[in-house]
Each structure stands twice: as structure tokens, then as C-alpha cells.
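Undergrad: These are the residues of each chain, in order.
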Amino acid sequence: MKDVNVKTKSEAASPKLNNSITKILINNLVPIIFCIFCVAGMYYANISTKFLINSIIERMARNSFLVLSLIIPVIAGMGLNFGIVMGAMAGQIALVAITYWDIQGLGGFLLAAVISVPIAVLFGWLTGLVMNRAKGNEMITGMILGFFANGLYQLLFLFVLGGIIPMKNERMMLSSGIGIRNSIDLKGIKYAFDNLIKIKAGGLVIPVFTLIVVALLCIFMKFFLKTKLGQEFRSIGQDIHIAQISGINVDKTRILAIIISTVLAAWGQLIFLQNIGTLNTYGSHGQVGTFAVASLLIGGASVTKATIGQGLLGTFLFHMLFIISPLAGKSLLGDPQVGEYFRVFVAYGIIGVTLGVHAWQQQRQAMEKLKE
Amino acid sequence: MARVILDMKNIDKEYFGNKVLKGVDITVHEGEIHALVGENGAGKSTLMNVLFGMPVIHNTGGFKGEVIFEGEKVNVSSPNQAMELGIGMVHQEFMLLPGFSIMENIKLNREPTYHNLISRIFGEKMKSLDIKTMRSDSRKALDKLGIDIDEMLPVAGLPVGYMQFIEIAREIDKTNIKLLVFDEPTAVLSEIEAERLLKAIKELADSGIAILFITHRLDEVISIADNITVLRDGEVVGRLPSEEATVEKLAQLMVGRKVDRVKKEEKNIQRNNNGDKILRIKNLKVDMPGEEVKGLSLDVYEGEILGIGGLAGHGKIGIANGIIGLYSSQGEVYLKDKKIPLNSPKEALSMGLAFLSEDRRGVGLLLDESIELNMAVTALQVQNKFLRKMPLLTFMNLLDRKAIREFAQRMIKELDIRCTGPDQLVRRLSGGNQQKVCIARALALEPKILFVSEPTRGIDIGAKKIVLDLLLTLNREMGMTIIMTSSELGELRSICDRIAIIYRGKLEGILPPDASDVDYGLMMAGGYKGKEVS
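Chains as they are written, first to last, in the working numbering: chain D, 1 to 372; chain S, 1 to 534.
To be clear, the hints were calculated from the coordinates, so they are not data collected in a lab. All of these numbers come straight from a predicted model, not from anything done at the bench. We put the beta carbon where it would ideally sit given N, CA and C, even for glycine. A few of these clues could be false.
[Stated by the list, open to error] Here are the computed lysine-lysine pairs in the DSS-like style, where the Cα-Cα straight-line distance is at most 30 Å:
hint	chain 1	residue 1	chain 2	residue 2
1	D	Lys228	S	Lys174
2	D	Lys222	S	Lys140
3	S	Lys132	D	Lys226
4	D	Lys222	S	Lys125
5	S	Lys140	D	Lys228
6	D	Lys228	S	Lys144
[As the list claims (entries may be wrong)] Residues from chain S that keep clear of chain D, each with C-beta distances beyond 10 Å, as calculated:
hint	residue
7	Lys125
8	Val236
9	Glu302
10	Pro341
11	Pro345
12	Arg361
13	Arg405
14	Leu415
15	Gly431
16	Lys464
17	Pro513
So here's chain D without its partners, still in its complex pose (with noise of 0.2 Å):
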């Protein structure tokens, strides 16, 4: 037995050169393809690099916390999480609250970041109990439970507030008294965050502070994973039934992931969107699950298999790309409304090619292992 072992060693320490180059081409294949992308846009898009630099350092601290809010239902095998539209939406209500409040500064962030957690605890906790109903169909069941769930959150929005729960607030309320404009200012927390430590150095502007919070994140996603919880986690993504039979909870343990998910996702809108400045009171949750969801997958992730750094990979290149698509297509073809087509199109596209690419990776190792 042990010249088996000797004999399977040396195979994989002398393989072929040619083969192994292609096979991590081909293992990367999708992060590859969108570096490619990237090279071309800019080489077409014209644009300074000090701009890119800047918008990318921006964009990465402020979307980084949501992509990397998807990695741990994918762990638990639960599939990319739709749901954190609702994570979403519950930093949205924490942030009207604030704001009505007219509560400023970092204060105010930390209190709405404080307000979202039960919120987000809540719709984690009932998305889990309706995935663990549907196993196997947990991305579309996330993704039609957003759906319904603006469904609520408009009725919350539009007729609850001002509607039952009485509200005074001329800047924030729609004229007739009842449900909140479309837009709200946040000029209160705007920057709140990212100018605790900011750096201004030769034209960039750097939030070190939110860039120091995302790099904690990471450090406690890696400490979690080493955690019994996150063995746990890991024992149900890769086969639910043995996890149960070795005594795992796995309906409580499919419940946390999600809810761990969703409060993750309600701070990072928090962090989006203190760096914008403004609320889409019915627009900014609506894109988050697609865009972040595309973001990871373009880090090479898979519906099945995810890391940090996949994700932060993938944020980078997926805003590369967001930044510059726009500028490329109007150099190219002349129109700015070209470059918004362009927006819409490389976020739905991508999610559309990495899913069939991953589909077509599976299908590969599958014939591999048939001829093995």
C-alpha cells in the first residue's frame, strides 16, 4: 500500500510541463478572460490613470464588504445569495431612521450599523427557514425572495411611513405627507466613514480607514473558517447528508450562514452608501445581489467554491471593467448611451458566462474522471 501512495506523489510532482499551463489556464478561464477585457478597454478608453486609480481605490472600499458578505452561504453549500438584497434593504431602513433622527457623523453611522443588525437578523433568519424548504434551488428562491421583498419594503416606504406611523420631515417625506421621496440626502454620514483615516497624496484620495475595515473582515472570515462553526459549515457544503448523519444541525446550521450573510450585506450597503451621499430610497438596494454576485463569480469563484481572495479579485476587475466600459464604447462607437448599454450589459453578461463556463469546467472534470 505504501508504494501506492510513493507511486501517486511522484505522478504529481513530474507532470507535464504543457499540460499543467493548460490546465491552470483553463481553471482560471474566467478571471483571465475579463483581465483581457480590462487590458483592451483601457488600451481603447483613453482615460488618465491617476482617474482610474482613484475611482478604483473608491469603488473597491466601498463594494468589497458586500461581495465578500456572499462567501460564507457558498461555503455552506447554500449557492450565491441573492438574498442580501434584503441585508440591503435592512441598512436602507436603519439609514432612513438616522436621518429622520437627523442623528450626524460617525455616531449616526454606528447607530444606523447597531439598528440594521436585528432588521437583518430577522430576514436572514426567515430567508433560511424558506432556502431550507427548497434545497438545491437556494439561488433562485433568494433571488425571488428579493423580489418580494421590495415588494414590502415599497409598501413600508410608500404607505406605512407617514401612512400608519405618523412622520414630519419636509425634506424627506413625498408633499402629500404620506411615504418618503425618492431621493434622500445623507449629507449627514456622507464620508462619515471614510474620512476617519483618509490619505490625500499627489491626486489620490485613499479611505484607509474603510480599506483597515475591510482587511479586518478578511482576517475574521479567515479566523471563522477555523472555527467549529465554520467546520460545520464547510462539512454541510460538501455533502448535507453525511454532515447530518455525523450529528451537524444542519437546518440551524444552513439558518446561521444566511443570517451571517444578510447582517454582513446590511453593513456593507451601509458602507456603499455612506460613500455616495445619496439614497435611492427605491433603486440603491435593487442591483446589489447582481453586482456583487457578479463581482465574486469574476474572481474565478464558483457557485460551489469561494475565497477571499476570489472575491477581491473579482471586485476589482468587475469596477475595472464598470469604469471603463463606458469610456471605451463612446471612443469607439461615439455615444455615451452606448457606454450605459455597455453597464447593463457587462453585469448580466458576465454572470451569464461564468455560469456556463463553470457549467462547462464541471462537465470537463466529469469526462476526466471517466477516462481515469
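Chain D is already provided as a structure; the job is to place chain S on it using the hints.
TA: Okay, now just chain S, sitting in the frame of chain D:
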């Protein structure tokens, strides 16, 4: 005499009025290797389910009798409780997570942990994994088994033999283990691996763990066990120390049963065993998980009923599934002189083969469609029967409802299907009547060869006989060649002309239905090594 670890007394268990265990007693001592032998359906798994308190037992009304563990009467209500008592199980199919390392698998959900800053606030679940202890514990367990393998390697890609050992390592790593159940541990192993495993089991027993060993391989039983209990039809039919046992004796105890020949007088009809070969199978390989066929060659004569028997997991089910094309297969199959293209159910069906699946409700029937449509659907798809030709628009042929209704009514009458009418949903029928609908559907194809898999599975006794009689009639009166696969040897012996026994994916031998129990037992346990008996 060593201490008694487990004593199960007078265990009775019924599933819906069907007695599967009848007063079973079994006693296992400390350090003893006790073998439990029996055919499929003899009640071995049910007995183990009782021992482990599986939900399936409690959901079906519990059991009667006493389980005494270490001198105390226990009432095991869940597998977790069994684990706490110190009863472990090495599963037949591996319960391993392929992406985890060996160490992580051994320690699955029993990971040692230590406190960190966060766990002090948020509780137990946030404790960090103690990788060092996990490694050293796993190493210890693997060393105990004499396995020289890096505990950090991932399980995916390991040879099967190793996987079995990792499962065992997981059980012996549980500190309080007192009784270890092996459920056919050698079924998937090569002979060298099996030998190694048996040696490891012996060592475990020497260290004082009581071992309950379930297997079909009789030579193994005799070489390793101290005591042997033989189950048949839910009853203990033999209890003997291994010194007194021989393979023949065990085989006879295991299989022995009165064989009812159905309609014996008809057997006198001249059988054309010497007739033409209608089907020739050469080196067939089928990749059906759990029932792999590994190079089977077999000839079938025109007009016979050929039985295919063998123990579960040896590939008998895979043969028909492979030829029809439901699972990917290789090899050559000839119908008379024409080669049957494999991996294409449509081609196979249109060449005149028909198949009654063992998975009646899954593959065999459209449960939420009417009886008549179920009967017609295959012929409609494959042979364009029951269609009204449309002028010009040949691709838009319409269903010929009238012809379907006529056919269905004739079949309902001829096969005596108890239903409210041809438009009743198949889901509402009983198992036996569902099987008859399947048969009618096969008849609509007017097949040359009918493959039947487990025709009486899940059917009550009365209906069983009717289905078997029906198959016999089809064969005798319509001259249809039938190839019947069944786990119930008695059933095969009651209607088949010849019975092929499959062992480890290959043909072990062919027996006449009236061959002795010893021959059948030996052949199913692989004792013939390919010798032809006739």
C-alpha cells in the same frame, strides 16, 4: 467467559403487518467477533436499525423485545444515543467528505477545540479548532490500524481500500467505543485489501472491542468469526461457533427454503433450451453506481425464462439497465445477428426489447397520468403506434385516443387490472396493479425479449403470485423470451428455466432451478470461481 456487551432478546419487528424479525436473539461478548449472515431481506439491516434506534424503526411502530447493553436494559431512540453508549458503525457506503483531509474526516463533528477571545463572548461554536490534537489523534487511530498514510491528504482520489480504513479509524477514535458493527466491509475491497482489513478487525477484537460483522462472504466468516448467527426470513436458523461451520453448511442454512414450483405440470412442455440463441452478451460493462457490471458474457435462448440472481451490489440489476441503455455501458450485445447499439434506449426499444424497471414508481411509470396513457406512451414514442396520421403535417400526428382506449380496455380485462377505468391515475393503483400497467406497456411494444427487474418488489404476497403467473403465461403462451432479475431466489426458482448467478459483476455460473441450496449459496458467495454447473 468474557463479559457480555450486547444482548438482544426476542426481537420482533413488523412493517405494516409484514413480520421482518421473528424472535431474534443475539449475544456478543467482549473481544468477540460475531458474524451475522443472511441473504438480502433476511432481516440483518432491520436488526441493525433496531440496535441503532434509527428513525425508520420508530416511525413504523417500534419493535418488541429487549436490548441489553453492558448489563443494562437500554432503549436506544436515536443513532446519536447509540454513539453515546459506545456503539459504532462502519458503513457499507462511505460516509466521508471528499474535499476534507483524512484528519478532518476522522474528527468530523467531534473536533477538539480551544477557547479564543470571541468564543468567550459568543459561546462554544466559535471556539477555534485544535488542529494539532486533531492531527495527533488521527495519527494514533491510523497507527492502531497499521495504516501508513499522511493524515493531511484529502480523501478525494484515495483508493477505496484506504477509505474503508479511514471510516474505521473514525470509529476507533471515539474513546468509549465498545461495540463496532461492520456492514459488509469487504464488499468493495480487493482481496488483498480485504485481508488487511480482516487482520485489522482481529486486532481490534483482541484489544477488547466487541465486533458484529455482517457479510455475504462465507469463507471470510469462517476464517475470522468466533461465532456465527444465520438469519433467514427474519428468523435465527442457525447459531454455531466457527469451528463447526463449513461454507456448505452456512450456504444451506442461508438459502434453504421450500421451493414452490408454479404450475409444475406445464414444465413438462418441451423446452427449447437447445433452440436458437436470441441474445448474445459479450463482455458487457455497465457503470451503474452500486450495481456495476464488469465484463459479463451470457447467452440467452429463444423462448426461455432466464433468471438473473445474486446478492445486492454484485451487478445483477445493472445488466438489464445497461442493455436497455439507461446507464452508460460498453461491450457487445447481439439480438440474433444484429448488434444492439448500447447507450440508446430508443434504439434498444425499437429493436424489440422491452424493460420493466426495478424502479417502478421512478423510471417505470408516469404516476400522474392515466392508465391508458401509461400503457401507450412507449409504443407511441418508439414505434409511432396509436397515432392518427395527418395529411402532409407528418410531424404533427395526433393521438389516436380511440385505439389507445381499446388497447387499454383489452389489457385491463386480460391482465385483470383492478381500477375504476382506463382514465384513472396510476398513482392511485396498488403496487401489483401498477406492475400490471408496466407489463401492459411492455406488451404494447410486442417485444421479442422482455427484461423484468425485481417484478415483485414492494408488492404484497397475493399479487406477487399473480404477477409471476402472468410472466409465465406470456412466456408459455405467447412465446416471449423473458429475462428476469430478482433478489428473491425463491421467486426465480419458481418460474425460471435457467438461473444465472452474478458475482462481482461477472457470471459466476448457471444453475437449473432445482439445483441444491448448497450450490446456490456457494455460487452467490463466489465459491465456484467460474465453474459451470448444469
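Undergrad: With reference to the structure, classify each hint as holding or not holding.
TA: Cross-check of the supplied hints:
no.: 1; hint: D:Lys228 to S:Lys174; verdict: 18 Å, holds
no.: 2; hint: D:Lys222 to S:Lys140; verdict: 28 Å, holds
no.: 3; hint: S:Lys132 to D:Lys226; verdict: 13 Å, holds
no.: 4; hint: D:Lys222 to S:Lys125; verdict: 15 Å, holds
no.: 5; hint: S:Lys140 to D:Lys228; verdict: 22 Å, holds
no.: 6; hint: D:Lys228 to S:Lys144; verdict: 27 Å, holds
no.: 7; hint: Lys125; verdict: 4 Å, violated
no.: 8; hint: Val236; verdict: 29 Å, holds
no.: 9; hint: Glu302; verdict: 36 Å, holds
no.: 10; hint: Pro341; verdict: 19 Å, holds
no.: 11; hint: Pro345; verdict: 20 Å, holds
no.: 12; hint: Arg361; verdict: 20 Å, holds
no.: 13; hint: Arg405; verdict: 39 Å, holds
no.: 14; hint: Leu415; verdict: 38 Å, holds
no.: 15; hint: Gly431; verdict: 27 Å, holds
no.: 16; hint: Lys464; verdict: 32 Å, holds
no.: 17; hint: Pro513; verdict: 39 Å, holds
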